[in-house]
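**Student:** One-letter residues, chain by chain:
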Amino acid sequence: MPAFLKIDDFSCGYEKFVLKHINFKMERGELTGIVGPNGSGKTTLFRGITGELEAKEGSVSLNEKTLQSMSFKEKAKHLAVVSQHITATDIKVEDYVLMGRLPHRKKFQFFETPHDYRIAYEYMKLTNVYHLKDKFMSKISGGEQQLANIARALTQQPELLLLDEPTSHLDITHQVQILNLIQKLNQEMQLSVLMIIHDLNLAGEYCDYLIMLNDGKIHRKGLPEEVLNYKDIEDVYKTVVVVKENPVSKKPAVFLVSEKILSNEKSS
Amino acid sequence: MHKKFIRWITFISTLILLLIITFLVGLSTGEIDISIFEIPKILIGKEGIEYTIISQIRLPRLLLGIAVGGGLSLSGAILQGIYRNPLVEPYTLGISGGAAFGVAIAIVFALPLAFGSFILPVAGFLGAFITIFLVYFLGLRQGEINVNNMLLIGVMISFVSSAAMMLLMAVTTSENLHSIIFWMMGSLDEPKMSLIALTLTISVITFILSLFFSRPLNALRIGETNAKHLGINTVASIRILFIIASLLAGACVAAAGVIGFVGLVIPHLIRIIAGSDYRILLPGSFLGGGIFLIICDTIARTIISPNELPIGVITGIAGGIMFIVILSRSKSNFKMS
Numbered sequence: 001m002p003a004f005l006k007i008d009d010f011s012c013g014y015e016k017f018v019l020k021h022i023n024f025k026m027e028r029g030e031l032t033g034i035v036g037p038n039g040s041g042k043t044t045l046f047r048g049i050t051g052e053l054e055a056k057e058g059s060v061s062l063n064e065k066t067l068q069s070m071s072f073k074e075k076a077k078h079l080a081v082v083s084q085h086i087t088a089t090d091i092k093v094e095d096y097v098l099m100g101r102l103p104h105r106k107k108f109q110f111f112e113t114p115h116d117y118r119i120a121y122e123y124m125k126l127t128n129v130y131h132l133k134d135k136f137m138s139k140i141s142g143g144e145q146q147l148a149n150i151a152r153a154l155t156q157q158p159e160l161l162l163l164d165e166p167t168s169h170l171d172i173t174h175q176v177q178i179l180n181l182i183q184k185l186n187q188e189m190q191l192s193v194l195m196i197i198h199d200l201n202l203a204g205e206y207c208d209y210l211i212m213l214n215d216g217k218i219h220r221k222g223l224p225e226e227v228l229n230y231k232d233i234e235d236v237y238k239t240v241v242v243v244k245e246n247p248v249s250k251k252p253a254v255f256l257v258s259e260k261i262l263s264n265e266k267s268s
Numbered sequence: 001m002h003k004k005f006i007r008w009i010t011f012i013s014t015l016i017l018l019l020i021i022t023f024l025v026g027l028s029t030g031e032i033d034i035s036i037f038e039i040p041k042i043l044i045g046k047e048g049i050e051y052t053i054i055s056q057i058r059l060p061r062l063l064l065g066i067a068v069g070g071g072l073s074l075s076g077a078i079l080q081g082i083y084r085n086p087l088v089e090p091y092t093l094g095i096s097g098g099a100a101f102g103v104a105i106a107i108v109f110a111l112p113l114a115f116g117s118f119i120l121p122v123a124g125f126l127g128a129f130i131t132i133f134l135v136y137f138l139g140l141r142q143g144e145i146n147v148n149n150m151l152l153i154g155v156m157i158s159f160v161s162s163a164a165m166m167l168l169m170a171v172t173t174s175e176n177l178h179s180i181i182f183w184m185m186g187s188l189d190e191p192k193m194s195l196i197a198l199t200l201t202i203s204v205i206t207f208i209l210s211l212f213f214s215r216p217l218n219a220l221r222i223g224e225t226n227a228k229h230l231g232i233n234t235v236a237s238i239r240i241l242f243i244i245a246s247l248l249a250g251a252c253v254a255a256a257g258v259i260g261f262v263g264l265v266i267p268h269l270i271r272i273i274a275g276s277d278y279r280i281l282l283p284g285s286f287l288g289g290g291i292f293l294i295i296c297d298t299i300a301r302t303i304i305s306p307n308e309l310p311i312g313v314i315t316g317i318a319g320g321i322m323f324i325v326i327l328s329r330s331k332s333n334f335k336m337s
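Here the protein sequences line up with chains X and S, keeping their order.
Using the numbering used here, read the first sequence as starting at 1 and increasing by one per residue.
Using the numbering used here, read the second sequence as starting at 1 and increasing by one per residue.
Hints may contain errors.
[Stated by the list, open to error] Under the rule of at most 20 Å between Cα atoms (straight-line distance), these lysine to any residue pairs were calculated in the SDA-like manner: (1) X:K135 / S:I243; (2) X:K221 / X:T173; (3) X:K107 / S:F5; (4) X:K135 / S:K3; (5) X:K107 / S:S214; (6) S:K3 / X:F110; (7) X:K139 / S:F5.
[What the hints assert, rightly or not] Under 8 Å between C-beta atoms, here's a sample of chain X residues computed to sit facing chain S: (8) N38; (9) L102; (10) F111.
Since the hints were derived computationally from the structure, they do not count as laboratory data.
Computed from a predicted structure; not experimentally measured.
By construction, the Cβ of each residue, glycine as well, lies at the ideal position given by its N, Cα and C atoms.
Working from the sequences, and respecting the hints, build out all of it.
**Tutor:** Below, the structure written as structure tokens:
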């Protein structure tokens with residue numbers, strides 16, 4: 001069966017940093033996480049997939065069609081991005097979410113149709129921001145902004161959702177709320193999700209597959225229990241960790257150990 | 001229909017009504033007052049001193065007022081949108097400085113004597129055009145548009161051209177100096193009907209064209225990267241919008257001289273009243289700019305009648321005070337998107 005998302009020998013990057021020969025496939029309906037230390041190339045890979053960075057070699061294809069060959073508009077119908085930085089402005093939540101309909105608007109269509117409103121409202125209710133619809137984006141909390149951001153991306157009705165650290169700067173209540181939502185979308189709507197996630201524990205808990213990047217290359221990919229082992233984590237993050245099984249979810253859980261305790265361990 | 005659209009239609013209708021009213025008041029007031037109700041009769045009769053006053057003096061002025069006021073305000077709204085900076089206006093980017101410098105060169109080298117007075121708007125437009133060209137190409141970085149870079153270069157060119165102009169003013173005759181200053185203060189008093197028609201045409205065409213770019217402008221409100229993700233070709237959109245907005249400003253400055261404040265204040269007023277959606281902001285700014293400049297011009301030519309104040313004085317004072325009052329009274333936190 002042809003792959004849903006296929007990253008084929010893909011290289012892209014900047015003058016000083018290049019992502020080299022990335023290969024991976026993703027099937028429809030998968031929830032895949034990208035992990036790796038700062039500067040390992042997670043965001044560069046994202047920008048390569050969205051086309052913000054030009055491919056130096058290789059290709060990214062969705063349903064057998066390379067993204068490079070698609071127009072901006074066509075791409076936006078298939079792929080929605082929830083970026084880390086929300087430009088909080090004087091725009092109402094409702095109008096912000098409705099922007100997700102932009103790629104679906106016809107050439108000379110100036111106004112949103114009732115259909116556009118219906119879709120936007122549906123996803124605002126699903127993400128629990130409908131009650132905020134008349135508030136300004138700049139007046140709601142960081143967690144609510146992120147939810148509105150997801151609602152906007154869903155309103156694009158994409159096949160693939162890309163999320164760049166959706167839970168950064170949020171407290172655990174919102175982290176869990178957002179990841180539960182993503183998991184629910186993934187399972188109930190068969191939405192394919194590729195997300196960058198910093199927290200290894202959350203990555204292990206929520207993702208079907210993980211891709212660990214290091215220094216512009218894929219260090220390891222596979223199931224969370226294959227990728228999250230102390231050897232690979234220590235190699236990539238240069239940090240001593242202990243990996244145990246979460247007693248409830250049976251997923252790998254990563255524990256950090258402070259230097260003081262480590263030196264005590266060694267001397268004893 | 002959604003209530004937002006009903007609100008927009010009401011807003012635009014109100015502005016059109018206001019434009020018609022100010023236009024009629026502008027036609028009727030002046031050194032000789034003519035009753036508004038007699039205007040149709042005079043226009044149909046096509047004779048008498050009143051007909052000459054209306055058709056030869058007041059009507060062209062009002063039309064130029066709509067073209068320049070609407071044009072500058074529209075240009076400001078577009079530029080604020082692509083730079084996502086509330087302090088940008090046509091003049092921040094050095095467009096007026098370039099135009100003024102062009103006119104100053106023309107005056108100092110006595111070009112109007114050689115080629116006729118039509119050379120002044122031409123020189124103004126050339127000056128503005130060269131500035132736009134420099135801002136655009138120096139603002140490119142590795143072939144890509146960098147809006148912050150462009151903004152800084154515009155501000156710098158503005159400084160350089162105003163310094164160069166001061167140099168010209170320092171060395172030239174007092175007669176030329178007077179002409180330069182007079183031009184710089186701006187005026188809607190333009191005897192050449194063809195120039196007025198040209199400015200009005202450019203202004204209206206740019207306005208219609210700009211409406212087709214309300215989508216990229218709206219998407220840019222949430223940042224360039226996010227706009228790209230929404231399927232907008234941001235690079236091409238910013239390029240085209242920059243060119244049409246700055247050429248429009250160049251044409252307005254060339255026709256009427258430096259009339260400050262319209263491009264900065266009117267788009268902000270419309271934002272406060274009607275919101276920042278460009279589908280309402282663009283037509284609102286165009287109509288609002290026209291209304292504002294017609295009112296200011298009517299005041300400028302009647303307040304110390306039979307003499308006339310430079311219109312820039314009125315736009316500055318009236319616009320500034322009006323803006324501060326509305327800003328301090330508006331409850332919503334004023335923020336630029």
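**Student:** Now tell me if each hint is right for this structure.
**Tutor:** Hints, verified against the model:
This hinted pair does not check out: K135 of chain X and I243 of chain S have alpha carbons roughly 35 Å apart, beyond 20 Å. Distance check on the hinted pair: K221 of chain X and T173 of chain X sit about 29 Å apart at the alpha-carbon level, beyond 20 Å; violated. The suggested pairing of K107 of chain X with F5 of chain S holds, with an alpha-carbon distance near 19 Å, which does not exceed 20 Å. For a cut-off of 20 Å, the pair hint linking K135 of chain X to K3 of chain S stands: about 16 Å separates their Cα positions.
A distance of roughly 12 Å separates the Cα atoms of K107 of chain X and S214 of chain S; the hinted pair therefore holds under the 20 Å criterion. With a C-alpha separation of about 15 Å, the suggested pair K3 of chain S and F110 of chain X falls inside the 20 Å cut-off, and the hint holds. In summary, the hint linking K139 of chain X to F5 of chain S is not supported, as the alpha carbons are separated by about 24 Å, beyond the 20 Å threshold. Taken as an interface hint, N38 of chain X does not check out: its beta carbon lies about 19 Å from the nearest beta carbon of chain S, beyond 8 Å.
Residue-level restraint check for L102 of chain X holds (minimum Cβ-Cβ distance to chain S is 5 Å; threshold 8 Å). Nearest Cβ of chain S to the Cβ of F111 of chain X: about 6 Å, under the 8 Å cut. The hint holds.
Of the numbered hints given earlier, the model fails hints 1, 2, 7, 8; all others are met.
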